[in-house]
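Colleague: Between the sequences and the hints, there should be enough to build the whole structure, so can you do that?
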Amino acid sequence: ALINEIIKCGNERITVISSTQLSLLCRLLNFILDKDKSDTCYSCSSLILKLSSHFCMDFARTHQYMYTFLQDHIIWKDLSFWLNFFFFELQSYLLFMYGKSNSVSSSIAHSMNQIDTPKSIVHPGLKDTLVALDVGARIVSEFELLTDEGKAQSQHAESSYIHSKITEVLHKIVYMQMDMESVKNILEKEASKKDSAQPQIANFQ
1 ALINEIIKCG NERITVISST QLSLLCRLLN FILDKDKSDT CYSCSSLILK
51 LSSHFCMDFA RTHQYMYTFL QDHIIWKDLS FWLNFFFFEL QSYLLFMYGK
101 SNSVSSSIAH SMNQIDTPKS IVHPGLKDTL VALDVGARIV SEFELLTDEG
151 KAQSQHAESS YIHSKITEVL HKIVYMQMDM ESVKNILEKE ASKKDSAQPQ
201 IANFQ
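In the UniProt record's numbering, the protein residues as written are 1 to 205.
Don't read these hints as lab results, they were simulated from the structure.
For clarity, every value in this text was computed on a predicted model and none was experimentally measured.
Just to be clear, a hint being listed does not mean it is correct.
[Claimed, not checked] Once the Cα atoms are required to be at most 27 Å apart in a straight line, the calculated DSS-like pairs of lysine-lysine come out as:
1) 35 with 50
2) 172 with 50
3) 165 with 50
4) 77 with 165
5) 35 with 77
6) 172 with 35
7) 165 with 151
Modeller: Written as structure tokens, this is what we have:
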């Protein structure tokens, strides 16, 4: 309930809040992550993951995002969580694009303009797949009834969404497991390489 209220307070863009607000928010979410022991649905963790890159604070002329305060949890190292999260996103897409439509063809034009999962969809849990599977079966059964143009549009819309979602999930896997100290070390190494290259350039000139 708390996470859903936080989602309602945000908007579709990145929300910059004060350090005090971010600290309080992260303390609450870290507490939830500590208490979320579900082995099947990961509902709270999946919602928090979606929020992790949404809120940030101004820090040294840049933005520090919420995820930097939420990384110290075993859930982010659980491969089954990431697989469930990815497939639930695909299920949400199927339900959004085709669930309320009587035919696949009437959803094609809409799907070309709505690649991302809508903001109104909230993860109820990652185990409820029967409805999405039913919708998927209907899509397959009606696919041959589409025109060649309709088939091409449908395939393009779905493959575009899958590609974008794979990229998004991979980004989340990286930033939820790369700690700030590692990032600092990488930046320092890059800076030292540039500094060492300067004398060589001067000697060449």
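Colleague: Compare the structure with each hint and give your call.
Modeller: We went through each hint and held it up to the structure:
no.	hint	result
1	35 with 50	holds (18 Å)
2	172 with 50	holds (9 Å)
3	165 with 50	holds (12 Å)
4	77 with 165	holds (19 Å)
5	35 with 77	holds (17 Å)
6	172 with 35	holds (22 Å)
7	165 with 151	holds (21 Å)
In summary, this structure violates none of the numbered hints.
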